[in-house]
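Protein chains: 2
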Amino acid sequence: MTSDAADPTVAELSEGEILRRILERLGQGTAPVGPGDDAAVIDAPDARVVATVDTLVEGPDFRQAWTSGFDLGWKAAAVNLADVAAMGARPTALLVALALPEHTRISFVVAVADGLRAACAELAPGCAVEGGDLTVSRTLTVAVTALGSLDGRAPVLRSGARVGDVVALAGDAGVAARGLDVLFERFADPDGTALPYSSEGLAELDRVAVERQLRPVPPIGAGVGASLGGATAMMDVSDGLALDASRIADASGVTVALETALLGTDPRALSGGEDHALLATFPSATALPAGFRPIGSVVARGAAALTVDGAPYRGRTGWDPYRDTSGGDARSAHQSVVSP
Amino acid sequence: MTSDAADPTVAELSEGEILRRILERLGQGTAPVGPGDDAAVIDAPDARVVATVDTLVEGPDFRQAWTSGFDLGWKAAAVNLADVAAMGARPTALLVALALPEHTRISFVVAVADGLRAACAELAPGCAVEGGDLTVSRTLTVAVTALGSLDGRAPVLRSGARVGDVVALAGDAGVAARGLDVLFERFADPDGTALPYSSEGLAELDRVAVERQLRPVPPIGAGVGASLGGATAMMDVSDGLALDASRIADASGVTVALETALLGTDPRALSGGEDHALLATFPSATALPAGFRPIGSVVARGAAALTVDGAPYRGRTGWDPYRDTSGGDARSAHQSVVSP
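Line by line, the protein sequences give chains A and B.
Under numbering that gives the first Met the number 0, the first residue of the first sequence carries the number 0, and numbering increases by one thereafter.
Under numbering that gives the first Met the number 0, the first residue of the second sequence carries the number 0, and numbering increases by one thereafter.
Derived from the structure by calculation, the hints contain no laboratory data.
Beta carbons: idealized from backbone N, C-alpha and C, even for Gly.
Some hints could be false.
Stated by the list, open to error - Listed next, the stretches of chain A that the computed footprint assigns to chain B, with coverage defined by at least 3 CB atoms under 8 Å from CB atoms of chain B:
1) 44-51
2) 58-66
3) 82-93
4) 131-141
5) 144-155
My request is simple: use the sequences and hints to build the entire structure.
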């Protein structure tokens, strides 16, 4: 890696200098104690805090040929904000653990910070990065912890779905998976090596799908809306609608009955992961909150956790990070998600 | 890697099965919502939560030849509990993001869980793992988020040290660094490759030092004690006493004056990292809380942030993860810590 005075590697900078450059991009948060001490202090107005962590690892989760620093920061924030939203909570703060190969350019690190900040600003205004950690690693890794507030409401769990409820979805179904197909079909060698992505010449729907794969836009505000609107169960659809609907069904002791007439016929709507839509159930007498559309109903527990158009779902249910990956090879990993 | 039905690799198990085996070792927490939903819900009784994240990466932070799964889980918990304690807070919950190579044996993963649980039980009773994330990675990585409660007290920041304060330490100074020296001198090839560690034949003090390096025992309860006892500033000593004392001095606009008569003459007491002792300042009229011993005083800001026996400290200040490491090579990384 050649030296470039205008864009040094992290190995050429001190930890303090790297931190300084990150913090100046993140802007000012609102926490009582933000970055710079041993820990942050975050407001938790109703005396509880919602907390979740999710990690993006280069290889299985992203490729630098496709994912810019900005996109990486954005996605790392978005997938965690979605988990907070799926509890019916309002995101309040992120903590970001960055593990960086020493050849990483500071421009990439700064772009990650920009992506984190932009995702917070657009998806969850009021939420900011309030702490973090820098380490060196052979494998570029971003672990984000998201905190949130229920503001006095009960959390919306996976286990509350009741027979007769409407099953509803806010956000995409299968769009991120279509985007990944486009990337592998048009921007990868036959052996799966990622080639640089460019949107030039792509059909509009393919371009949008790639954008959603790289920079998902989960409907964060719809999480609080669902809670206020009486949602009985909710979860973030990260591993595919079929698998995640089965999880709600199993946790609630019911069967989820989906209808393709409401979902569309692209099989990726059921099997494709990474859309980070919100899947929720509502009492049938309730008007669905803004952003949610009906996709099925909750019925008495049958032999299958999930039926599609009345028949037990037999397709691939979704993504399993251990079974579906091979040596950190994103191609086999992601292909198994999108090619059930 | 050969197949072993009694101890499969994580690639041979589903995510659900790995999680099940981890959760059965972690035992029951006390959070309103623990593992198994999109996010945990943790009590934050005074409407604030202390939050911090720290990552251990194989290579720069630990070697499997030296560090068992149990030790890894223990240390990942301990270093984060120490950051919560350093704010004067009581740890309430951990979230654990594990990134595992697919050849990792389930026995190792289960041992990590055992180490996490044991560290919580011994160092911070009442704190438990309440959530987490599993991913696959080429590089074994453990990112732990620790949450804590100030129980109505103000956080103890780095910036509050005042001229005339006593500088005091709870915990080890240089012991973990001595342990690392023993490991590199006796359990590594000349090229730095780690060889299996065994305590047989080691002198008692060396054995203890290695144990503290692998399984640090930060004085977590002393953090709340310091806060109740009037500490004006506090931090966790992870990067060496000299560097971390300089940080308190810089944040507070003072000079910290340490005395080797109180610290001992092993240079590792000043330069060695990873002890996770608590460094705090107290008004001189205050009786030091249990666990703290005086090591110096706070004086008006001079040319140097730190003096030792009255002279500006000119030794290596401590550990910088980017400057002090080379390609994830723990030998150069760690040697630079212990050989200033």
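Quick one: which hint numbers does this structure break? Sort them smallest to largest.
-> Violated hints: none; all satisfied.
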